[in-house]
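*Asks:* Spelled out from the first residue to the last, the chains are:
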Amino acid sequence: VSRLSDAVLDWKRRALPFESVIGDEGGFPVSLEAARAWLRARGVSDPAPVSLPPPAHEDEDGILAEVIGSGQVASAEDLATRAEAWIDHADPRARRAGEALAARLMRRFEITKRFPAAYGPGWKSAGSGESWAALAHAGVVWLKLWRRDDDVRWLNAALNAAMFLLARQGGSGALPAGHRLPGTMDDTAATMHYARLIAAAMDGLQRVDTGDTV
Amino acid sequence: VRIVLLSRFPRFDRLAWKADLFRGMCELGLKPQAVIYDSCSWSEQAAEAFRRFGPGGAARKLLRRGGEVHAGDPASPRSGAQRSVVYPGARHGNAAPAHGKPPRLERLARDAAVPVHQVPSHNQPECLELLRALSPDLILLLGTRIIRKPVLEIPRIGVLNPHYGPLPEVRGMNATEWAVWLGKPTGVTIHFVAPGIDQGDILHFEPFPIDPGDSPAMLRAKCQTVAVRGFLKVLADLDSGVAIRRPQRPEDGRQYYTMNVALKRRLANRLRPSDAGTVHGESTGS
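If you're matching them up, the sequences are chains A and B in order.
Using the working numbering, the letters of the first sequence correspond one by one to residues 49 to 262.
Using the working numbering, the letters of the second sequence correspond one by one to residues 59 to 344.
Where hints are given, some of them may not hold.
Pairs of lysine-lysine residues, derived as DSS-like cross-links and limited to a Cα-Cα distance of at most 25 angstroms, are as follows [what the hints assert, rightly or not]:
1. A:K192 to B:K322
2. A:K161 to B:K322
3. B:K207 to A:K172
No lab work stands behind these hints: they were computed from the structure.
Just chain B, with the same shape it has in the complex (with noise of 0.2 angstroms):
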């Protein structure tokens, strides 16, 4: 099976879990035919974060580098103890040092002679004829822009997703909060992509309970770790031919956006354990 990564370079490249994913292909006999970049840079996020918040809301979001992240929360992405919940429960869990910062998928790419690529836009026309002269078998979506429907048509198999939330309940942004929020199962969801938002043939789902001191921060690091023994799971399905489509009606969920800072900072006291140690993760807002 011939596999293109699809990922964002500089920034979101030096990912535990892109390394775990891409040291999984390797170890299942599926090294990557390539891995290609959009470009992604501080300068770009700034002018997105400009055009979003205004100029006094970027100020504040670049300075506090991103808003929703809470200093000095200890399941911080940025923290030392959110390493610790990623790299012991992933498959390939020594993929990364408990300390430092994990190795970057273009520096993994290359050290294994896999051919790393940078366009300025997956969606555009340089990458459209790159990826028609890799003619792959399977495009694997690694955090990027929405992917449009001619990059879409050009693998044999499909673009594969990990979504992380369930589906078709729960589409779109910042599922696994919402997931939360209305009480339904948190988990991962790997799935073909398909027009629409969230809509292709569904995979593989892999829930994960909600521990007492789960922080949203903490169950994101949760779905990156199922999302790698997800994807791992499904390319072996499908390399060996077992691999079951489920087809979702899109009218059996709904598509959510990005959840606002308000929801979150209560979404997040919800988490927190109660005086008898149970979690507060139930809806009491929809």
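The shape of chain A in the complex, shown without the other chains (with noise of 0.2 angstroms):
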């Protein structure tokens, strides 16, 4: 099964300079010092977010059309870079577009587990591409919503991410940054989204088994 997998996947895949194996039961038994220390050998553990000024809109609709702006697509990995500045944002505006935005992605991902590389008018995915790496950093999104709401929606959607892209491992342990697409970003900044995904998944998992979970 692993070899059949990592033909088929192998043409996309980008290393991931850690251990990282499937468990026996859909778990996830990644190393989580290997996640922390490749983030930490980087010096991106928790890379501050972009500085982005607050929306005009604060409705996913209109949050959409702005960053559409003059183009025809808007980029997940965009919309995720939007969103994880929006979040902390001083401005309860932009922090009430950051989740609306949030939202949606996580609504997107959940009901059709598939996350387009780009988005058209209306939330219509632009082609068939998606964006694996864009996913990792929308649930690091869903993890700090997390932690700030206490609404496990946050948290389950960000497990159900990094399994999906775990579930898609091979047995290197290297992951994939795309599908069907030329990735749309560097390799470390992917495996960087990986990571973090991956670190603060099970440092949630590890908050929900010892009741700290804020």
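Using the hints, build the complex out of the two chains.
*Replies:* Structural data, given as structure tokens:
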């Protein structure tokens, strides 16, 4: 099975430099310390969000139209970046917009188990390509919202995203950056999102186990 | 009252609660007008698993036959232990033998001279035409894909669905598991289906307790038993004109999605009886 999986996905796989193995029962006993070490070594364990001005809109459709602007589509990575920037923004309007954006991305992924690489007007996926690195980035945002709001749906979505990605690993532990679409970000950025998501998701599970949820 | 059942075939057709419901309806004098299946084969499920879990994940899912159903769990739906939970509590508990497989709904329907139809999808024009020709008063959903608005508009009274959790608090997937996680009542809601997820008027809610030793699979089995009872009560009430519709406000609840397997495992651990014999069903993560 793992050889078939490797063959199918190898052309798109990005090396993740730590041991990661699918568990016997769908868990992911990836080494949390290894993920943290990878992030520490690159100084990105908790990178500051990009600084962005608040959006003019707070609803998901308005935000998307704003992000698309004069272009044709909004990339999933751009949307995840904006969500991360806005959820901790000093302006409450930006925080509401960030949460609306994160909720829209969560709903899309949870219902369809797909994460389109780009969206056109009306949240229609632009093409058939998916960006799994952007999914990992969105998962990081969901975990931040879980810690802020204590709404277990955010944690659940992030765990589902982590498992979705880990289910696509090969025997080498490599994770794919995307599917049917050339990667839209460099290897380091993609790997950083994976490591951040996995480290934060496993940390979240530990918090659930200890009752230290917030 | 003319009632049409929508279900899936061949998978999910040999379920005791569907047989119980069919027999209960016949006993009430509300024999279904027809059963309409859409297709749900192993190959379609495999394709869906491939899309959702990737090649390796799909293979593991299929080899493990379901993922969250734990091998060796006495409450597994595939074990005999669960049947002893389901059947004695059912309103029509003698619908299935204590051992062996429950009968197929399709077989029961044919034996009762109820027409059985199969369509590619319940939302496709072929099914819409069929439903319009049947002109039912009610449609009952017995585990289908999401039903679109054109279908909802056909029956005179409406489309009924059993939701395995409290509404409006817990909408969406794995409602039983989320209700336990959140410390909300476990039970089954019978509601009209409206556009939006689990947002139609509520007709009936029956709670049930979590007993020491219950696992998530056993809670689901209890839901099936309670759903049959709820369906039959609602059908009888609608037939006699005493049913009460209670509108729900979506803002009073939240939509939940498929519970992650890691959380499910923790939920199962919480449900295990403690030394004092109490059940850990309270929320710590939400």
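*Asks:* Now look at each hint and say whether the structure bears it out.
*Replies:* Results for each hint:
1. A:K192 to B:K322: Given that 25 angstroms is the threshold and the Cα spacing comes to 21 angstroms, the pair holds.
2. A:K161 to B:K322: holds, 18 angstroms
3. B:K207 to A:K172: holds, 20 angstroms
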